[in-house]
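Asks: Listed in order, the protein sequences are those of chains R, D and S.
Number 73 in the working numbering belongs to position 73 of the first sequence; there are no gaps in the numbering.
Number 23 in the working numbering belongs to position 23 of the second sequence; there are no gaps in the numbering.
Number 80 in the working numbering belongs to position 80 of the third sequence; there are no gaps in the numbering.
These are computed hints drawn from the structure, not numbers from a lab.
Any given hint might turn out to be false.
What the hints assert, rightly or not - Distance condition first, Cα-Cα at most 30 angstroms in a straight line; then the derived DSS-like pairs of lysine-lysine: (1) K266(R) to K308(R); (2) K224(R) to K43(D); (3) K172(D) to K199(D); (4) K199(D) to K179(D); (5) K175(S) to K289(S); (6) K19(S) to K266(R).
As the list claims (entries may be wrong) - Partial selection, computed: residues in chain R whose CB lies under 7 angstroms from chain D: (7) T4; (8) A7; (9) P48; (10) Q85; (11) R89; (12) L106; (13) T132; (14) S199; (15) V244; (16) A331; (17) F333.
All values reported here derive from a predicted model rather than from experimental measurement.
Ideal placement from N, C-alpha and C gives every residue a C-beta, glycine not left out.
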Amino acid sequence: MARTLQAPVTVAFDYTRSTGPVLGRFFSGLRDGVVVGGRTSSGEVLVPPPEYDPDTHAETTDFVEVAPAGTVTAWSWCPEPVAGQPLDRPFAWAQVRLDGADGTLLHALDVPSPDDVETGMRVQVRWADERTGTITDIACFEPAAELDEVEDGATGEGRARPRPRHEAATEQSRPGETTADPITGIITPVELDYLYAASPEESAFYRGLAEGRIVGQRCPACHKVYVPPRSACPVDGVATTDEVELGHTGTVTTFCIVNVPFLGQKITPPYVSAYVLLDGADIAFLHLILDIPAEEVRMGMRVEAVWKPREEWGTTIENISHFRPTGEPDADFETYRHHL
Amino acid sequence: MRDVAVVGFAQRQMAEFDGSPTCVELLVPILAECYEQTGFTRKDIGFWCSGSSDYLAGRSFSFVSAVDAIGVLPPVNESHVEMDAAWALYEAWIKIQTGEVDTALVYGFGKSSAGVLRRTLALQLDPYTMTPLWPDTVSLAGLQARAGIDAGLWDERAMAEVANRSLTDAEKNEYAIRKGGSSVDELLARPMYADPLRKHDCAPVTDGAAAIVIAADDRAYDAVERPAWISGFAHNADALQLGGRDLTRSPSAARAGEAAGGAGVEVAELHAPFSHQELILRGELGLGDDVRINPSGGALTSNPMFTSGLNRIGEAARRVWDGSSDRVLGHATSGPALQQNLVCVMGAEK
Amino acid sequence: MSKQPAAVIGVGQTHHRAKREDVSMAGLCREAVDRALADAGMGFDDIDAIVVGKAPDLFEGVMMPELFLAEALGAAGKPLLRVHTAGSVGGSTAIVASSLVQAGVHRRVLTLAFEKQSESNAMWALSVPVPFNMPVHAGAGGYFAPHVRSYIRRSEAPTHIGAIVAAKDRQNALKNPYAHLRNPDTTVESVLASQMLWDPIADEDTSRSADSPAWIHGTVMRSEPTTAAERDQVNPQAGREAAAALWTQAGITDPLNEIDAAEIYVPFSWFEPMWLENLGFTPEGEGWKLTESGGTALDGVLPVNCSGGVLSSNPIGASGMLRFAEAALQVRGRAGEHQVDGARRALGHAYGGGSQFFAMWVVGAEPPAN
Numbered sequence: 001m002a003r004t005l006q007a008p009v010t011v012a013f014d015y016t017r018s019t020g021p022v023l024g025r026f027f028s029g030l031r032d033g034v035v036v037g038g039r040t041s042s043g044e045v046l047v048p049p050p051e052y053d054p055d056t057h058a059e060t061t062d063f064v065e066v067a068p069a070g071t072v073t074a075w076s077w078c079p080e081p082v083a084g085q086p087l088d089r090p091f092a093w094a095q096v097r098l099d100g101a102d103g104t105l106l107h108a109l110d111v112p113s114p115d116d117v118e119t120g121m122r123v124q125v126r127w128a129d130e131r132t133g134t135i136t137d138i139a140c141f142e143p144a145a146e147l148d149e150v151e152d153g154a155t156g157e158g159r160a161r162p163r164p165r166h167e168a169a170t171e172q173s174r175p176g177e178t179t180a181d182p183i184t185g186i187i188t189p190v191e192l193d194y195l196y197a198a199s200p201e202e203s204a205f206y207r208g209l210a211e212g213r214i215v216g217q218r219c220p221a222c223h224k225v226y227v228p229p230r231s232a233c234p235v236d237g238v239a240t241t242d243e244v245e246l247g248h249t250g251t252v253t254t255f256c257i258v259n260v261p262f263l264g265q266k267i268t269p270p271y272v273s274a275y276v277l278l279d280g281a282d283i284a285f286l287h288l289i290l291d292i293p294a295e296e297v298r299m300g301m302r303v304e305a306v307w308k309p310r311e312e313w314g315t316t317i318e319n320i321s322h323f324r325p326t327g328e329p330d331a332d333f334e335t336y337r338h339h340l
Numbered sequence: 001m002r003d004v005a006v007v008g009f010a011q012r013q014m015a016e017f018d019g020s021p022t023c024v025e026l027l028v029p030i031l032a033e034c035y036e037q038t039g040f041t042r043k044d045i046g047f048w049c050s051g052s053s054d055y056l057a058g059r060s061f062s063f064v065s066a067v068d069a070i071g072v073l074p075p076v077n078e079s080h081v082e083m084d085a086a087w088a089l090y091e092a093w094i095k096i097q098t099g100e101v102d103t104a105l106v107y108g109f110g111k112s113s114a115g116v117l118r119r120t121l122a123l124q125l126d127p128y129t130m131t132p133l134w135p136d137t138v139s140l141a142g143l144q145a146r147a148g149i150d151a152g153l154w155d156e157r158a159m160a161e162v163a164n165r166s167l168t169d170a171e172k173n174e175y176a177i178r179k180g181g182s183s184v185d186e187l188l189a190r191p192m193y194a195d196p197l198r199k200h201d202c203a204p205v206t207d208g209a210a211a212i213v214i215a216a217d218d219r220a221y222d223a224v225e226r227p228a229w230i231s232g233f234a235h236n237a238d239a240l241q242l243g244g245r246d247l248t249r250s251p252s253a254a255r256a257g258e259a260a261g262g263a264g265v266e267v268a269e270l271h272a273p274f275s276h277q278e279l280i281l282r283g284e285l286g287l288g289d290d291v292r293i294n295p296s297g298g299a300l301t302s303n304p305m306f307t308s309g310l311n312r313i314g315e316a317a318r319r320v321w322d323g324s325s326d327r328v329l330g331h332a333t334s335g336p337a338l339q340q341n342l343v344c345v346m347g348a349e350k
Numbered sequence: 001m002s003k004q005p006a007a008v009i010g011v012g013q014t015h016h017r018a019k020r021e022d023v024s025m026a027g028l029c030r031e032a033v034d035r036a037l038a039d040a041g042m043g044f045d046d047i048d049a050i051v052v053g054k055a056p057d058l059f060e061g062v063m064m065p066e067l068f069l070a071e072a073l074g075a076a077g078k079p080l081l082r083v084h085t086a087g088s089v090g091g092s093t094a095i096v097a098s099s100l101v102q103a104g105v106h107r108r109v110l111t112l113a114f115e116k117q118s119e120s121n122a123m124w125a126l127s128v129p130v131p132f133n134m135p136v137h138a139g140a141g142g143y144f145a146p147h148v149r150s151y152i153r154r155s156e157a158p159t160h161i162g163a164i165v166a167a168k169d170r171q172n173a174l175k176n177p178y179a180h181l182r183n184p185d186t187t188v189e190s191v192l193a194s195q196m197l198w199d200p201i202a203d204e205d206t207s208r209s210a211d212s213p214a215w216i217h218g219t220v221m222r223s224e225p226t227t228a229a230e231r232d233q234v235n236p237q238a239g240r241e242a243a244a245a246l247w248t249q250a251g252i253t254d255p256l257n258e259i260d261a262a263e264i265y266v267p268f269s270w271f272e273p274m275w276l277e278n279l280g281f282t283p284e285g286e287g288w289k290l291t292e293s294g295g296t297a298l299d300g301v302l303p304v305n306c307s308g309g310v311l312s313s314n315p316i317g318a319s320g321m322l323r324f325a326e327a328a329l330q331v332r333g334r335a336g337e338h339q340v341d342g343a344r345r346a347l348g349h350a351y352g353g354g355s356q357f358f359a360m361w362v363v364g365a366e367p368p369a370n
């Protein structure tokens, strides 16, 4: 049997996230080139600051600036980075305990091989060229420069100056204290690619459409004809096995006129979205009604499929461009009332 | 508490399911097998509950179509959790405890291969400070493995032992998609993948579905001769914050195990998608060397997302049905690095 | 074995707005949680388990958000469940939480339903195109509008009924300090004049996207398929059967007179008359007459949606729980300005999917009889 039909689908959105005061303080710090942690009721400094204290559940208000350098406490190698990760060449993920913090921060560590990373090594922040108040303001971590390398200026722009270790204690920062407007929101794009596969029954339906045929399936138990077919008869829970070819005429059971535009919409409003009950089918499906003013469409109207030119056909119900009135008298209400 | 037993279990797994992400066509034969095993029909089932994830499928409401596999006219008492179906089993067990129903059928399904699982699961993290870096599950598990190695709690040899035993056991499991043990030395000779993890230390990406039937009191005897009576069922969660917790421990697993009362089990099916995680769980659940771990091969040999935990419970129950064990445990996990855990203890005695 | 009696002892909700830009997701949840705990006179340490309900993860772009929220919700170290039953989720979540108590497994359970729709766009999340299909899908409104048309035809209801409901719910919302849409100028005329979004559902007929003990006398959930040959999308069988089972559980034989307040899930105004029939408050085809007569107003025989309902606040995953919570507030006498005097028994109702998932409960001021 042929494979089921597949097509790519991308689910993507730039989520706009309001941060609230605690994360806002953390991100404001990053924008300003400092790393801010939060002190918990037990005295531990965690980076990023937890929004709520782990023990008292109160909102965190005690912010502490920590050093942009620290120690690797654990690492793993990422040999095949995926889209969106901080680096597009193999790198190490690391948990870094920044000087002044007790908890660790998770980020990427830019080293050429697993031989160049070890627990306990000293690393420092590599700041992004442009900082906007997000976690990616830290582009990644890198092995800490030795102190005498700093003056040589051998490193690129944006490289953090590591603090001499005796200075890397906590610096108390009053909440809300920051050099510019506090960050209150971030944008986090999420884009995921999927390969959508139709079920075997749906695939047969779409392949039929590619040949100009509308093929439904009948349930062996209740004998109802489903078009498009479901993967199982929803009443009996068994596979619908018998193919039934249907004609291209039917009745509008009910419909609505879509006036509202929205993101991702494919058809320009206003348009009539109608349930069409094909002659011989037991369920109706949604399609477009054209070749008649929207306000003249009515329940019970007889319609026929209008196909696109054959050379535009694919394995899709869009081969039928729309349904149009046949001009026959409307179907009697009783013939379709139990399909509403 | 009412006496409730696991009385039916059916599963299907494959590396890549050629069908829709709703998995309806996969569920129909699985449900049929449950009916065949138990002698129940769908009319005998009082409550239905499923576990799955919209993000795995890439669609909102992806679980809605799955009810077609049940046949839900006339309407049924039905619910759904966006978690591994082991937690759907918990919800069903609770429903029976309220006295409202006497039987339940729980199913899980997921087509991991529809997307890129390593990327999809990055959305399970903190959306402000972690997801924007897209940390993948293998890397996070690797951090946890490293922490244990550094602390001297385990080493790569211990991890390889887990993998070798699992791959060997999987040879007897018709459903496992990865099988074939060799030797610890041979496994250690294979190249590192995501240091400190080798490929065999990581569960394979798996599609699949499964279903379990539970019944109360005498109803259980209608279905099976030797019901697997649930003597304890508990779950617990830790905070997600990876930077604030000791990754070599899983306190929620310990709490769940203690609440479920797993002392004296002979067989434990542990949901450990990474080999070192079995070592953590053995410690947290207090399982001695005499306990048989994952006779099915476990998640390292087959790991259908949102069903794998349910499968552990089913596989454990089978050992009671076939008379080979009197007291067993099934475990499920959710979230990164063993953040959330569930334990179901079953036995031949009520 | 019979159920342990369970009761609602604390309710908290946020101020529902189109965009809550002052809080993170955790902050939004904590606002409601902190209020509920304060109302119950409890702290986090008193809670045995947490049940979270939320509609599709795509709305906020976080997979299984209860995982990252665990610490903020006080769930670290506790059992945590996440329910997702489409639009009815707020209701089914409350039912799962109550069954934990009724089963005798936990004594005090915190349950939360939330949606922070401003992180994305609800119409987008509901209308991601499916390959090979006809992209006529136009969000929830586009799905339900044809079935509203069917109801109007079957019942021969006059076309201004939807406007009566919209005006009533929006006016009720003025008495609810948490409601999202509080527009004192919503009248029947203004609703009829508003633009048709998905004819026959007009702009004012819709909601906007947005963010003592009451003893539980009965809880029921029922589901049916999305598409089936015998489905009645106007008067779904699952809703009818759920209601019948609920009245039996609660010992109610005359719902219209025995229920003092009803919070039912009406996201599009015409669903009020449709659900009145589906729930058995009126015979089939006559729901609109009760609405038209003023019977569902705050001073009517069956006050419906005194809180302003879903039409006035629709954070999708939370809306079901808001209905259940508002019903509880009524019998606890805590509904403030929108209190129905002397309410002793109230209905909370939620539905989801293609009118296929139903969750409902009856709460009362007295413990249940059985």
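Asks: When the structure is checked against the list of hints, which entries are broken? Sort them ascending.
Replies: Per hint list: 8, 11, 13, 15, 16, 17 violated.
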